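Model the full assembly from the supplied sequences, consistent with the hints where possible.
Single-letter residue listing:
2 protein chains.
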Amino acid sequence: MLLNWDEITDVVVIGSGFAGLSAAIEANNADASVIILEKMNAPGGNSIISDGGIAAAGTEMQKKLGIDDSPDLMYRDMLKAGLSLNYPELVRQVTEKSNEVLQWSIDYLGVEYMDRIDIFGGHSVPRCYTPVGVSGSAIIKRQLKKLDEMRIKVRTRAYFKSFIRDSKGEITGVLVCDDYSHKHAESGIEKRIGIKKGIVLATGGFGSDVNFRSTQDPRLTLNIDTTNKPFATAEALKEALKINAMPVQLSHIQLGPWGTPDEKGYGVGARFSDYIVFPYGIVVEPDSGRRIVNELADRKTISDAILNIGHPCVGIADAKAVETTGWDIRPCLEKDIVKQFDRLQELASCYGISSDDLNITIEKYNGYVENKMDEEFGKQILPEASPISTPPYCGIRTWPKVHHTMGGVQINTRAQVIDINQKPIPRLYAAGEVTGGIHGACRLGSCAVTECLVFGRIAGLNATTETTSKVSK
Amino acid sequence: MLLNWDEITDVVVIGSGFAGLSAAIEANNADASVIILEKMNAPGGNSIISDGGIAAAGTEMQKKLGIDDSPDLMYRDMLKAGLSLNYPELVRQVTEKSNEVLQWSIDYLGVEYMDRIDIFGGHSVPRCYTPVGVSGSAIIKRQLKKLDEMRIKVRTRAYFKSFIRDSKGEITGVLVCDDYSHKHAESGIEKRIGIKKGIVLATGGFGSDVNFRSTQDPRLTLNIDTTNKPFATAEALKEALKINAMPVQLSHIQLGPWGTPDEKGYGVGARFSDYIVFPYGIVVEPDSGRRIVNELADRKTISDAILNIGHPCVGIADAKAVETTGWDIRPCLEKDIVKQFDRLQELASCYGISSDDLNITIEKYNGYVENKMDEEFGKQILPEASPISTPPYCGIRTWPKVHHTMGGVQINTRAQVIDINQKPIPRLYAAGEVTGGIHGACRLGSCAVTECLVFGRIAGLNATTETTSKVSK
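Top to bottom, those sequences are chains A and B. The numbering used here numbers the first residue of the first sequence as 1 and each following residue consecutively. The numbering used here numbers the first residue of the second sequence as 1 and each following residue consecutively.
Simulated from the structure, these hints should not be mistaken for lab results. One should not assume that every hint holds.
The list makes no distinction among identical chains, and a pair is therefore deemed to hold if it is satisfied within one copy or across any two copies.
Below, in silico cross-link-like pairs of lysine to aspartate or glutamate (DMTMM-like), each with a Cα-Cα straight-line distance of 20 Å or less [unchecked claim]:
| # | residue 1 | residue 2 |
| --- | --- | --- |
| 1 | Lys372 | Asp51 |
| 2 | Lys168 | Glu100 |
| 3 | Lys339 | Asp262 |
| 4 | Lys242 | Glu170 |
| 5 | Lys423 | Glu239 |
| 6 | Lys168 | Glu239 |
| 7 | Lys264 | Asp336 |
| 8 | Lys423 | Glu186 |
| 9 | Lys423 | Glu235 |
| 10 | Lys146 | Glu384 |
| 11 | Lys161 | Asp107 |
| 12 | Lys146 | Glu375 |
| 13 | Lys335 | Asp118 |
| 14 | Lys145 | Glu112 |
| 15 | Lys80 | Glu323 |
Owing to the predicted nature of the structure, the values given are computational and were not obtained by experimental measurement.
Here is the structure:
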């Protein structure tokens with residue numbers, strides 16, 4: 001049967017976040033014609049709402065500041081966080097190319113970074129560079145500008161429906177819905193795009209896909225919100241599984257313990273919990289008035305502790321804690337996410353905690369702070385920590401949110417998608433959150449942007465190297 | 001196209017372990033014709049080498065002994081061990097039917113159990129019943145006897161190759177290799193079996209499938225042995241994935257920290273490590289001569305600690321420890337798995353540990369035992385523990401082994417296999433280790449047998465209830 005294509009191109013990139021746009025740029029630079037498909041009304045995917053921080057090791061900036069770092073140290077940090085479930089050879093790629101892609105984003109894309117290097121939990125040294133504006137959109141904009149110069153426009157409202165395969169099962173094209181509206185599941189006009197070289201799957205994670213994510217972690221029902229945009233769903237990943245892509249570590253889903261049920265998405269409360277409550281305050285279960293966890297434990301430990309309670313807990317910090325951190329909490333107060341009280345009794349009453357129980361808990365905790373030793377949960381009492389005793393007292397309801405899906409399709413170092421029999425699927429490449437194995441059990445902050453740029457570029461370049469296809473008009 | 005079948009039956013059961021045989025019995029009892037396929041030369045699968053211990057809650061035997069237990073308590077134990085990744089409704093089934101299947105195995109199958117109830121790690125109360133002979137073969141034999149009475153023979157050397165589907169994608173039969181030899185991958189004669197009612201997939205776990213398991217946990221290369229038989233591989237699971245069964249929690253693979261590299265399989269050394277070294281001795285890293293972990297931590301913690309070292313460690317216990325436990329270690333000594341030494345110095349030299357380092361470690365540890373407080377790793381010092389000071393001293397090399405694969409295909413409470421779009425796959429049922437979600441992140445000892453009997457029976461019965469098929473001769 002001769003297939004009739006509506007259109008033919010060398011490379012199709014599905015998704016327009018960090019990974020997809022990187023792939024498109026490299027495919028174009030390798031002289032391939034490129035079509036970028038984006039199901040939403042605007043490009044950028046979930047990348048655009050990230051803070052854009054990128055981790056890189058052994059950089060010029062680090063050397064200037066006397067920070068001793070190396071790809072090998074970053075590799076070891078990622079494996080430690082990932083509980084060694086990471087694919088070692090993929091982590092090597094990410095870490096060894098981390099400096100190169102940071103520099104590429106500066107020199108080639110023109111991204112401007114703030115004049116600082118931050119350290120986040122799990123990293124041994126400061127190695128996170130944040131774009132001016134503290135937003136992933138800074139990188140996306142520059143990528144779109146570069147693509148504009150190449151005369152490549154992201155096709156928005158173009159929904160990837162399925163792979164088209166020939167009688168031997170080999171991919172020859174994609175079925176797309178043009179003029180798709182995410183508000184109407186079955187909308188749009190079907191179109192068949194034939195592919196002469198390769199496809200790059202860069203469709204992101206499935207943090208917002210309640211059905212899919214709860215098959216892997218049954219706790220993650222509708223009761224759990226996500227920091228992701230609502231379109232972070234699994235349909236493209238499922239299409240890859242349908243053609244026998246190997247699923248890798250799908251059940252490793254990262255929750256942010258700093259979520260609050262009182263606002264949707266990432267919101268403004270997360271920083272209050274993460275930077276003020278966890279290091280300098282406490283998290284209390286309202287029924288008992290007791291602490292439930294080492295508030296400085298890793299994300300998974302804190303999230304699991306709160307989920308095990310079964311209902312939101314209350315994060316508490318005093319004015320001294322706010323002052324110590326220097327954070328401006330007005331946005332949280334204005335939105336009523338964080339509430340202030342002159343007396344602990346009022347805070348207790350507002351959150352349904354017995355005032356006596358809360359007093360006992362805080363007295364105990366203050367003792368730990370004074371003795372620099374948390375006898376209950378072994379929390380590290382920071383040098384600048386002080387007892388919770390300075391009004392006004394701040395409260396926030398805490399309930400974890402799905403933040404990142406570590407699992408996805410298996411890829412090799414060439415970004416080829418691998419099937420369940422461990423063979424590359426001809427012409428299919430993938431990069432970014434849709435892939436699995438790079439972060440293992442737990443992703444470190446700011447490593448996702450690095451991963452997307454490194455493997456996006458690899459996927460885009462390699463997708464152009466497939467042997468000429470059998471696509472016929 | 002009219003399909004030509006070599007044979008037609010109501011129900012095909014693939015696999016002849018606890019789950020498969022239970023399914024076949026129930027299918028027959030529901031008046032269905034049944035064919036059981038087994039790829040190996042003999043029936044019993046991996047079940048036959050288990051110790052056959054079955055967990056059940058709220059039993060007559062418990063009541064007699066005054067043990068206060070309930071399905072709900074067992075449910076909570078399983079969820080706690082599984083880190084709440086368990087599918088709650090499936091765990092409810094297992095725990096609520098646990099007493100029923102134990103009784104079924106006694107009354108209906110005629111299995112005889114020892115006159116004792118044991119408690120294993122993670123269970124709140126004693127609830128494990130062990131067949132006379134301490135072997136799963138006791139149950140398998142009784143199941144085979146029952147099937148013999150039903151005139152159903154397990155077809156050995158019958159290798160399940162793939163599902164046969166009609167033009168709509170619906171399963172109509174299975175492709176099987178008859179006269180298959182596991183020594184020759186492509187051996188046997190192809191045969192098409194048409195199915196009038198349903199299929200039960202009961203093909204076990206993939207603990208011996210190095211390729212497949214290492215995609216989910218890249219540490220589990222050929223360097224890691226398994227307690228499973230060599231045929232515990234993923235090919236049937238992969239066939240299910242090919243027809244879009246939803247993969248669940250494949251990356252949760254349980255390692256036994258009590259493995260030793262000095263023998264294949266489960267062997268005789270496991271009990272020495274588990275019952276003598278871990279509670280009353282220490283595990284030492286040979287290069288430093290230091291302990292590396294709380295030896296009474298859970299399986300995952302100890303296994304991960306040893307794997308992180310990257311080479312085998314040494315388990316050490318003295319004559320007093322052996323005496324305290326009452327275990328007969330002669331089988332370990334005869335096979336040279338455990339070595340005895342009159343002096344610690346000789347032990348150190350044999351395992352390449354610096355004698356001085358080892359002395360320091362043991363002196364420290366003995367201090368912890370005397371003070372009933374392990375200041376390094378927080379190990380619980382048992383009341384009957386004593387310092388390591390009574391010769392002869394015993395040593396064993398420790399290196400974890402793959403023991404159980406918690407992940408597999410998704411099923412619902414009816415044992416129907418669920419596809420990636422969360423719809424049951426018509427006519428396909430599954431039970432036992434090939435399914436995922438019951439044990440979550442970690443399986444408790446003796447719960448697997450319960451699971452196999454409960455869901456094997458459910459799958460077998462329900463496979464007979466499918467509407468009449470479109471199979472034509």
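Hint check:
1. Within a single copy, Lys372 and Asp51 get their C-alpha atoms no closer than 34 Å, and across copies no closer than 49 Å, so neither meets the 20 Å cut-off.
2. Taking the closest pair of Cα atoms, Lys168 and Glu100 never come within 20 Å of each other, the shortest separation being 40 Å inside a single copy and 50 Å across copies.
3. For a Cα distance limit of 20 Å, the shortest separation of Lys339 from Asp262 inside one copy, 11 Å, qualifies, whereas the shortest one across copies, 62 Å, does not.
4. With identical chains, the CA atoms of Lys242 and Glu170 are at most 20 Å apart both within one copy (13 Å) and between copies (15 Å).
5. Proximity of Lys423 and Glu239 under a CA criterion of 20 Å is satisfied in both settings, with 18 Å inside one chain copy and 16 Å between copies.
6. For the identical chains of this complex, Lys168 and Glu239 are neighbours both inside a copy (17 Å) and across copies (18 Å), given an alpha-carbon limit of 20 Å.
7. Proximity of Lys264 and Asp336 under a CA criterion of 20 Å is satisfied intra-copy only: 13 Å inside one chain copy versus 62 Å between copies.
8. For the homomeric pair Lys423 and Glu186, the shortest alpha-carbon distance between copies (19 Å) is at most 20 Å, but the shortest distance inside one copy (33 Å) is not.
9. Taking the closest pair of Cα atoms, Lys423 and Glu235 come within 20 Å of each other only across two copies (15 Å); inside a single copy the shortest separation is 23 Å, beyond that limit.
10. Taking the shortest alpha-carbon separations for Lys146 and Glu384, neither the intra-copy value of 46 Å nor the inter-copy value of 72 Å comes in at or below 20 Å.
11. In this homomeric assembly, Lys161 and Asp107 never come within 20 Å of each other (Cα to Cα): the closest approach is 36 Å inside a single copy and 54 Å across copies.
12. Taking the shortest alpha-carbon separations for Lys146 and Glu375, neither the intra-copy value of 56 Å nor the inter-copy value of 58 Å comes in at or below 20 Å.
13. Taking the shortest Cα distances, Lys335 and Asp118 never come within 20 Å of each other, neither inside one copy (28 Å) nor across copies (56 Å).
14. In this assembly of identical chains, Lys145 and Glu112 lie within 20 Å of each other by CA distance solely inside one copy; the values are 14 Å within and 75 Å between copies.
15. In this homomeric assembly, Lys80 and Glu323 never come within 20 Å of each other (Cα to Cα): the closest approach is 33 Å inside a single copy and 39 Å across copies.
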